[in-house]
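Student: For this one, chain A is given, so just place chain B on it according to the hints.
One line per chain: the protein sequences are A and B, in this order. Okay, so the first sequence: first residue is 1 according to full-length UniProt numbering, each after it adds one. Okay, so the second sequence: first residue is 1 according to full-length UniProt numbering, each after it adds one.
Read the hints as simulated data drawn from the structure, not as lab findings.
In silico DSS-like pairs for lysine-lysine, Cα to Cα no more than 25 Å straight-line:
id, chain 1, residue 1, chain 2, residue 2
1, A, Lys415, B, Lys173
2, B, Lys172, A, Lys365
3, B, Lys276, A, Lys276
4, B, Lys339, A, Lys394
5, B, Lys173, A, Lys375
6, B, Lys132, A, Lys415
7, A, Lys391, A, Lys365
8, B, Lys197, A, Lys415
9, B, Lys415, A, Lys197
10, B, Lys394, A, Lys391
11, B, Lys173, A, Lys365
12, A, Lys391, B, Lys391
13, A, Lys131, A, Lys203
14, A, Lys415, B, Lys172
15, A, Lys172, B, Lys365
16, A, Lys197, B, Lys419
17, B, Lys415, A, Lys172
18, B, Lys393, A, Lys339
19, B, Lys339, A, Lys391
20, A, Lys365, A, Lys18
The lines below spell out each chain.
There are 2 protein chains.
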Amino acid sequence: METLMEMAKKGDCPEWLKDVAKSEGIEVDKLLRLIARGEVVVPKNVNRELKKPRAIGRFVSTKINANVGTSIDYVNVEEEVEKAIVAQKYGADAIMDLSTAGDLDFIRRKIMEVTEVPFGTVPIYQSARMKKVVVDMDEDDFFKSVEKQAKDGVDFMTIHAGVNRFTLEVLKKSGRLLGIVSRGGAIIVGWMVHNEKENPYYKDFDYLLEILKEYDVTISLGDAFRPGCLHDSDRAKYAEWIVLGELVEKCREKGVQCMVEGPGHMPADQIIPAVKAMKVITRNAPLYLLGPLVTDIALGYDHIAGAMGALVAGLAGADFICYLTPAEHLALPTVEDVKEGVIVTKIAAHAIDLVKEGVRERAMKVDYEMSLARKNFDWDRQFELAIDPEKAKKIWERRKSQFACSMCGDLCAIKLAQKALERNVFNPNHGQSEG
Amino acid sequence: METLMEMAKKGDCPEWLKDVAKSEGIEVDKLLRLIARGEVVVPKNVNRELKKPRAIGRFVSTKINANVGTSIDYVNVEEEVEKAIVAQKYGADAIMDLSTAGDLDFIRRKIMEVTEVPFGTVPIYQSARMKKVVVDMDEDDFFKSVEKQAKDGVDFMTIHAGVNRFTLEVLKKSGRLLGIVSRGGAIIVGWMVHNEKENPYYKDFDYLLEILKEYDVTISLGDAFRPGCLHDSDRAKYAEWIVLGELVEKCREKGVQCMVEGPGHMPADQIIPAVKAMKVITRNAPLYLLGPLVTDIALGYDHIAGAMGALVAGLAGADFICYLTPAEHLALPTVEDVKEGVIVTKIAAHAIDLVKEGVRERAMKVDYEMSLARKNFDWDRQFELAIDPEKAKKIWERRKSQFACSMCGDLCAIKLAQKALERNVFNPNHGQSEG
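Extracted from the complex, chain A is given alone in its bound form (with noise of 0.2 Å):
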């Protein structure tokens, strides 16, 4: 069998990817050479009826992943289920199931039946079940998870393969205030401190890629060093990067698709920066980004946070974002949590897209439209334009006007504007659609 990344370094395309390429507006030829360049991935299993698939990258539109998933407190699988509904409702690209407790192999079943999107896991919380305690999980248990997820038809998976023993030197030399806050990280650091063995993600990467192979899973290589707060945003995270770059081109090398996972907690001025290097450690990976939240105060907020460091990561070459909700840091969401999370992270998202190379023509138009409806006064259209039309009418029926126009009452600036300007120039290839 032949991965997607194999066809694409052929020339060979998919009856599926012809609509991927159709839906991001991008032509066939240039979508294959991006997943042959890996500078694109379209996580699929093979094993998988995959409804909507989607493309992550460079070119295509930003995309964003809403976590779900059970906790040891709290197992309520209807519940993680609807989450998974509702985030897709809201505009999630991708659904993650972390799920730590209950019947995993279950819970993962039954949210990947109302995933449509492309659906990942982080298969070293399985392992990591696997033994009464953690630490106590065989090398091989590393790896059974991966296989028995990937023959369940799990499209992409995090595996924090860029933990080593140079790694790990360069963290225990940083300074860190919260040390390592990635859970798989841990795990993984727990294990190879306490049994003084090298990370097998890590040792036995080749294998790792043979079993995601056969199935064509999409690795997206996870950020175990990411900083916890700002105080560690450090050389330790940079010092995992080019290991997982060099893990990059293993992937490309065995035709195996592959995305890399950023930080975490930075300082906005460092946000740039750091995803400019990481695009050019990686060669233009594209990259999955958890946040990056800009500050450690806003509990509560931490979904606003990391949707506006996001956004930052955008006009640097973010291409994937992980949603955060107003839980973050607190507990589990619930489902209301989950619908917030989304809406702020695609807020992000379309705000990219508008700045995006080959992807803002299209992206503006939705804009210019929502922009057009408000010079129209016209409010069922800007409605059917938001992305949250209850809440958006909600709003607006509170105070819906008698006399006037509920913006601005009578001193309607673009009513009196308008009868001043005599040119009315409606033109919607005019100004920044044109970049």
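Tutor: Okay, now just chain B, sitting in the frame of chain A:
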């Protein structure tokens, strides 16, 4: 009487300004030099007992403004007063009364009574109510409201003096979709075109400055041509800034403090160049930004789209951020909307401070404290440091764990990694905080 700027030019420091310097952690002499050069303003009307003056500009922390005020559809003075109180509770550094209906003097005085931070207005709104029809205003009417409000103790006023025959011609040729969305700007343009006269605020700018000078009112040079949608982010706004840059020089010569307002709606990649251009054109005047909103389609979430743009603007030198609320483009905000708007904008302002020269060391301490509390699982301390402790606590209590920390369940990264990593550095001067 001497204005603050005149005193600063001579090196004289009023007693109250020493507290401002102290609260900003800046040397008094440095603050005076910045005020003398017009790179920092500290708005304070001589007629006003201002409990909490605020410095705005270079080397001082980023400030945020909350707008309140009535509209023809809804005049409820108590509610506007309540909004001003709530806005200050959550961190607004300034309140502007934008009322356009009801007894404007009464409403303004009521809101001012509860306002402990600098208080601003847009006097043209009151001028516009002086005749039955807006365009029937006399030239004198433009100034009457300025004088009355100055006497009343208003600390800063938005005046759209950059609209003139030249900039209006540029605007007409720029092919905008929404034209003018600044209410003050639209009133003035409507008046200019109808009466075939130059903008009195521009023509008689010296007279305007005389009035402002008498009460030491800070002028906020209004951005009448701020783009109302991404499509309209064009040369017209640059044309206006050039005129504003010239007026800045006049203010500085006269000893009147001034700031300059900026857009509006802009694609995210235009923000940094635009803000840097504004700084050049105005010779480092304090910049008062309205957003910029990075997309037009975030109806119901425009406060977030605006805060995202504000953060990007902060990377280039934005000093003062006007909040938006979820009701922007839809209706007058409720008290709850005001709270939400202030918090989201405060997050952006704090994220800017984390990277702002002369400010970041102090700002970083809060984030360090929060991260330390997170490391120690000290939830009470985290809530104490949170911008919105009630909300954070509510989310946390929803799922307070019996088995483990609510963040990650039993697979706690922090604990797992702490065991594995030997070195725990506790050094608040490390890393980021050194910039």
